[in-house]
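Enquirer: Each chain is listed here by its residues.
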Amino acid sequence: MSQLISSVSPHFFSRRTTRTIMLDVIIALMPAAIASVIHFGWRSLLVIGVCVASCVLSEFLFEKLCKRENTIGDLSAIVTGLLLAYNLPVTIPLWQAVFGSVVAVIVVKQLFGGIGQNFANPAVTARIVMMTAFSGSMTHWVYGGNAWVSDTVSSATPLAAAAKGSVDFMPSYLDLFLGRHAGCLGETCALALLLGGVYLLVRRVITWHAPVCFVGMVALMSLLCGKDVLYQLLSGGLLLGAIFMATDYATTPSTKWGKVIFGCGCGLITVLIRFWGNLPEGVSFSILIMNIFTPYITKLTRSKPLTGGVKPS
Amino acid sequence: MVNVEFCSIIYTYVQREKGRKMKNHHAGNVHPTNSGAEKRPSEKPVSRLKKCLFRLHGIRLPHKKHTANCAPERLPVPASVTIPMSMHIGKPARITIAKGEDVKVGQLIGEADGFVSSNIHASVSGEVRQIGEMLNAHGQRVPCVVIASDGKQEKYEKLTPPQVKDFDSFVKAVKESGVVGLGGAGFPSFVKLNVYNLSAVEAVVINAAECEPYITSDTRTMIDKSEYVFKGIEAVRRFMGVKRFIIGIENNKQQAIEQMQALAAKTEGVEVHVLPALYPQGGEKVLVYHTMGRVIPKGGLPLDVGVVVINVTTLAFIAEYLETGMPLVEKCLTVDGSAVNTPKNVIVPIGMSIRDVIEAAGGLKSEPSKVLYGGPMMGITVPSMDEPVLKNTNALIFMDEQEAAPPKTTACIGCGACAAHCPFRLDPRAIAKAYQLGDGAALKTLCVDLCMECGCCSYVCPAHRPLVQTNILGKSRLKEYLFSQQAQQKEETKARQRKDRQEKQEKQEKEGRK
Numbered sequence: 040m041s042q043l044i045s046s047v048s049p050h051f052f053s054r055r056t057t058r059t060i061m062l063d064v065i066i067a068l069m070p071a072a073i074a075s076v077i078h079f080g081w082r083s084l085l086v087i088g089v090c091v092a093s094c095v096l097s098e099f100l101f102e103k104l105c106k107r108e109n110t111i112g113d114l115s116a117i118v119t120g121l122l123l124a125y126n127l128p129v130t131i132p133l134w135q136a137v138f139g140s141v142v143a144v145i146v147v148k149q150l151f152g153g154i155g156q157n158f159a160n161p162a163v164t165a166r167i168v169m170m171t172a173f174s175g176s177m178t179h180w181v182y183g184g185n186a187w188v189s190d191t192v193s194s195a196t197p198l199a200a201a202a203k204g205s206v207d208f209m210p211s212y213l214d215l216f217l218g219r220h221a222g223c224l225g226e227t228c229a230l231a232l233l234l235g236g237v238y239l240l241v242r243r244v245i246t247w248h249a250p251v252c253f254v255g256m257v258a259l260m261s262l263l264c265g266k267d268v269l270y271q272l273l274s275g276g277l278l279l280g281a282i283f284m285a286t287d288y289a290t291t292p293s294t295k296w297g298k299v300i301f302g303c304g305c306g307l308i309t310v311l312i313r314f315w316g317n318l319p320e321g322v323s324f325s326i327l328i329m330n331i332f333t334p335y336i337t338k339l340t341r342s343k344p345l346t347g348g349v350k351p352s
Numbered sequence: 003m004v005n006v007e008f009c010s011i012i013y014t015y016v017q018r019e020k021g022r023k024m025k026n027h028h029a030g031n032v033h034p035t036n037s038g039a040e041k042r043p044s045e046k047p048v049s050r051l052k053k054c055l056f057r058l059h060g061i062r063l064p065h066k067k068h069t070a071n072c073a074p075e076r077l078p079v080p081a082s083v084t085i086p087m088s089m090h091i092g093k094p095a096r097i098t099i100a101k102g103e104d105v106k107v108g109q110l111i112g113e114a115d116g117f118v119s120s121n122i123h124a125s126v127s128g129e130v131r132q133i134g135e136m137l138n139a140h141g142q143r144v145p146c147v148v149i150a151s152d153g154k155q156e157k158y159e160k161l162t163p164p165q166v167k168d169f170d171s172f173v174k175a176v177k178e179s180g181v182v183g184l185g186g187a188g189f190p191s192f193v194k195l196n197v198y199n200l201s202a203v204e205a206v207v208i209n210a211a212e213c214e215p216y217i218t219s220d221t222r223t224m225i226d227k228s229e230y231v232f233k234g235i236e237a238v239r240r241f242m243g244v245k246r247f248i249i250g251i252e253n254n255k256q257q258a259i260e261q262m263q264a265l266a267a268k269t270e271g272v273e274v275h276v277l278p279a280l281y282p283q284g285g286e287k288v289l290v291y292h293t294m295g296r297v298i299p300k301g302g303l304p305l306d307v308g309v310v311v312i313n314v315t316t317l318a319f320i321a322e323y324l325e326t327g328m329p330l331v332e333k334c335l336t337v338d339g340s341a342v343n344t345p346k347n348v349i350v351p352i353g354m355s356i357r358d359v360i361e362a363a364g365g366l367k368s369e370p371s372k373v374l375y376g377g378p379m380m381g382i383t384v385p386s387m388d389e390p391v392l393k394n395t396n397a398l399i400f401m402d403e404q405e406a407a408p409p410k411t412t413a414c415i416g417c418g419a420c421a422a423h424c425p426f427r428l429d430p431r432a433i434a435k436a437y438q439l440g441d442g443a444a445l446k447t448l449c450v451d452l453c454m455e456c457g458c459c460s461y462v463c464p465a466h467r468p469l470v471q472t473n474i475l476g477k478s479r480l481k482e483y484l485f486s487q488q489a490q491q492k493e494e495t496k497a498r499q500r501k502d503r504q505e506k507q508e509k510q511e512k513e514g515r516k
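Just so you know, the protein sequences line up as chains A and B, in that order. Going by my numbering, the first sequence opens with residue 40, and the numbers climb by one from there. Going by my numbering, the second sequence opens with residue 3, and the numbers climb by one from there.
Excised from the complex, chain B in its bound form:
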């Protein structure tokens, strides 16, 4: 599902990158700060009053943050890890090692392949047991590397803190660290930070909203690694020249807010915005609206309104990497849900199987009926317990039979709750109707492609209708429609040209005869 959502974003990035290469080619390669001669028109911010009066809609969820006070616990190293080459959005990485080789923690095993891709490193020391394919949670076959651990967790000798002097080396370092959006999106961070026009970046919004129920891994980052968050801010300030930083936190994380505020008071240009706990506060567009008062245009990026949004854990990790040189090989995640014995936060090597994680983390109360990567609102169901922990896994939720039971769908009663809670003011009921009728034009005017699949509409629907699902289907229906329209237009222009040519020829022939 997330893949569908981000396809368009990748497209936007790739198109921009192409444009940028063209420009650089013409102007001769110059420093990115100076290359952007024309500044993108950043939108006029919404006034504070208007922002107060017209807050984006959302829903109040039960927070279920049981693990907010659990300091992460490091689990013992598993016997083997399975590391897929696709833990990010974009092209899978290219495997750089062979079967039977010995690897150490932090050694590169997969190299970024293509523009939107990411490096992948060994998370345990040991022998490469197998190089094969696996089925991931999206149902795709992806190449993977299985490493049998020797239990020693020896560090790769060649790891040294990166030499970062300027913007380009900073982006390169971020790329080498293998970091992706750790909030769950898994978008390669270096692509996001590799801003084409640095002078257009007015502020960096640090996403610490963590609006999903259960998950507390970002909260723990803010509490346990607060100094790294601010070191990350310093690094971004130094290498990207951004002056304004906004940390957006939901008001249900008191301890994290206090720590961030205490540190922000000592640092210039850092604001902590305490936001109401209103899901989906952590959605990029919602967060930018509530912190900066700007609306990211449809199909655009935060950069279009002069903002870069980065997850707090991602930022802290970048700072840590700049200090230690250890790439992204382990992940702090929340283990919770109704089927879990003891909810807790754990630190595990990437690639550890879910079965190993839950066994080491205290086991299950009952047989789980549903296991999720991420939170219950946007998480992805896991097809089997053998699936590994990924880079962008911030929680594993184990639901028992009762919690996982799908609700009974009844007839729509027309209450309008779906539209009243949509942060982007879409009308899921009308979209569902247009989808069922196969009406592409209506889907276009209803802006179904704006939907970020946050799930508010499905959550509030008293008839429990599958509204997000019809939105997703509606999006692909809209794409088909637009595609067919383009094809039709092309055909029409071709036909017209052919007709014109024929007419011309006939005229010429006539004139020739005369």
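So here's chain A without its partners, still in its complex pose:
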């Protein structure tokens, strides 16, 4: 007779694990990868591959070095790699992509204690670091043509075009929706991003609160400022940020109202930077700034225990 296990209840667990959640996010990111290949050619796949591989490798090596438990099995490094790649232009030199991945995984995530402990979104922070470090290659936008050749004629992103007021670069709504314009790898095709968002909502990996409030706030502010609302929504990294980065578990509030506040705050900061700042795009800065407020928002919006009016003993 073998020994019986004694343990505290429950003895029954949901099948959802960190790994399955990350797998869902990866699946949701796939349409955007396909769109990037269609729009920017095969080099986009190379950039994605390099980012993912270097993220996974740096997580693996760092954990080996620190004698920590190996966590590449939870797939979160792959998600970070994908998101970072989606934030880069297709022409990015590969060593810079590797540098960004190392910053994302080691500096932003592992140095703070690994998965769940980081206070800022790794992909967003790495993008900001790269924007500052390699501002030239990070803004070398091309669309179509042969991205393998470095001297392709560069074109402006829709937001930059709108900021400059140059009308001839401005794509139509349909082009914006399908992603037929210059920009970062994964952010151009709104259709693909929305597909991924719907998948995550259906799988209940994310809730609607943060993305809807984020996008809604940008729409409202654009309307108030007399800008082209649809153009503002479909261009830039807004949808990528709202759907995949403002819903990151570790760095955004976990309560419903917290998510609402987080989304609205992101939207507001994005609009401020877009309309009145020096940069054409402010999504990544808005997310980073709101990441810092996250612990406070979570604490503020924590639900009240159902005590029936009794004060804590």
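Since the hints were derived computationally from the structure, they do not count as laboratory data. Predicted, not measured: the structure shown is a model, and the values here were computed from it. Among the hints, erroneous ones may be present.
[To be verified] Per label pair, the in silico range of CB-to-CB distance:
no. : chain 1 : residue 1 : chain 2 : residue 2 : range
1   : A       : Ser46     : B       : Glu135    : 38 to 46 Å
2   : A       : Gly265    : B       : Gly301    : 54 to 62 Å
3   : B       : Gly301    : A       : Arg107    : 39 to 47 Å
4   : A       : Val349    : B       : Asn253    : 38 to 46 Å
5   : B       : Asn253    : A       : Leu240    : 23 to 31 Å
6   : A       : Arg107    : B       : Arg143    : 38 to 46 Å
[Unchecked claim] Pairs of lysine-lysine residues, derived as DSSO-like cross-links and limited to a Cα-Cα distance of at most 27 Å, are as follows:
no. : chain 1 : residue 1 : chain 2 : residue 2
7   : B       : Lys174    : A       : Lys103
8   : B       : Lys233    : A       : Lys338
9   : B       : Lys300    : A       : Lys295
10  : B       : Lys227    : B       : Lys66
11  : B       : Lys509    : B       : Lys496
12  : B       : Lys446    : B       : Lys410
13  : B       : Lys410    : A       : Lys350
14  : A       : Lys338    : B       : Lys492
15  : A       : Lys343    : B       : Lys496
16  : B       : Lys154    : B       : Lys346
17  : B       : Lys367    : B       : Lys66
18  : B       : Lys227    : B       : Lys93
19  : B       : Lys346    : B       : Lys227
20  : B       : Lys506    : A       : Lys350
21  : B       : Lys227    : B       : Lys177
22  : A       : Lys350    : B       : Lys481
23  : B       : Lys410    : B       : Lys435
24  : A       : Lys338    : B       : Lys446
25  : B       : Lys346    : B       : Lys66
26  : B       : Lys300    : A       : Lys350
27  : A       : Lys343    : B       : Lys435
28  : B       : Lys93     : A       : Lys106
29  : B       : Lys435    : A       : Lys350
30  : A       : Lys343    : B       : Lys300
31  : B       : Lys506    : B       : Lys496
32  : B       : Lys167    : B       : Lys245
33  : B       : Lys300    : B       : Lys410
34  : B       : Lys157    : B       : Lys66
35  : B       : Lys154    : A       : Lys338
36  : B       : Lys157    : B       : Lys101
37  : A       : Lys106    : B       : Lys506
Glycine included, every Cβ here is placed at the ideal spot set by N, Cα and C.
Chain A is already provided as a structure; the job is to place chain B on it using the hints.
Expert: Showing chain B alone in chain A's frame:
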């Protein structure tokens, strides 16, 4: 674990009983209906709209009710039974027989000892082989009686249906039947029904939710003994004067719902509430919220909002006892789990060992790794197969190696699923953190003592963190903290008094000198 949870409830009951005795002493003993001059302020009910919009959180579990259509099968009498004297919450019963005596089915072998305790009766006829101690599933040593069965199952001659005329004799009858909360809690039913202020009871909520996976013994009670459920309702109506009865059933028990609705249509004042199958629907506070729209205050009882909650099987048993006079000596339970050959419902004498039950009920497919009293969400693991079936055992779940394998705990990813699924809106993540820091004050503001250990947080956690466990630890940490604070306060007041006295003395001395 359940013991820890119910300690405070016993405390509440005992305190109330003390208060009541004091009151009766002052006012001269009067009938309980009239004794409660001041009516407890029952809370304003939550409006229907609000109830719809703000349903308490919960989780959707796989139901696994494989045995819902299996009529219970009576198993052959085992060679011997081991009857522990503690199958209820409260003090163990006092043994009233001696070794070597012959006992018959239904004969009293353990008498309720103390305010929260319960009578215990022989479940087989035969000879008392041994009176000793055993280790129960909670790891406590409890006295027990081993009876060797003679296989005849002769009934005790002196058993007669109780003479019930009024409330007091009704409570006495319930006490004599030895019935405890059969839904799994094991709280002596007579204590619960012995309501101090009968006029405050607006409704009796009959708990037929049976929200745990696998278990179908309550479902079978509703199907096979539906008339007894309604006889029980009649008895409570007659002797307690309650007018409104609500039967709360989860919507995954269609047959039971239909039978209950058909009978309820013929009876006045009985409502059948079909509730969504959302675990933990059968939790007392959750059930009262979803049926009556009232929130039981923290540290309070359902009575505080004018409700008495009783399990459906307990109620049916009380009705049966009033008719036949046979005390609680056998139990219908579900035998299921991944290691079982044929899942089924069985009727077994109380005290039959788990090994005997599973052998008689069709055997095991594979060696079990975990055996549970009760369902997989709140059940208690059994230390060995020699443990007996208890009064409050409603299921035996045998899990094979794969099902019993503990999940791997990984780092918290901060998804907030634990807080989003807590029926009482607690934040297990914050509680775990406060516990690790030993922060009693934070545990107090987080209301960790509200936790009923339903296990929703541990179930949903994608990192499989032991959240219920930290909640339980947090509760005892909070108790320590409150205790130390009380002690500190006492000391401070004492010190202040001492100082005051000294000052006074000095003043007097000074004045004396002048």
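Enquirer: Any of the earlier hints contradicted here, and which numbers?
Expert: Structure breaks hints 1, 4, 7, 8, 12, 13, 14, 15, 18, 20, 28, 33, 34, 35, 37.
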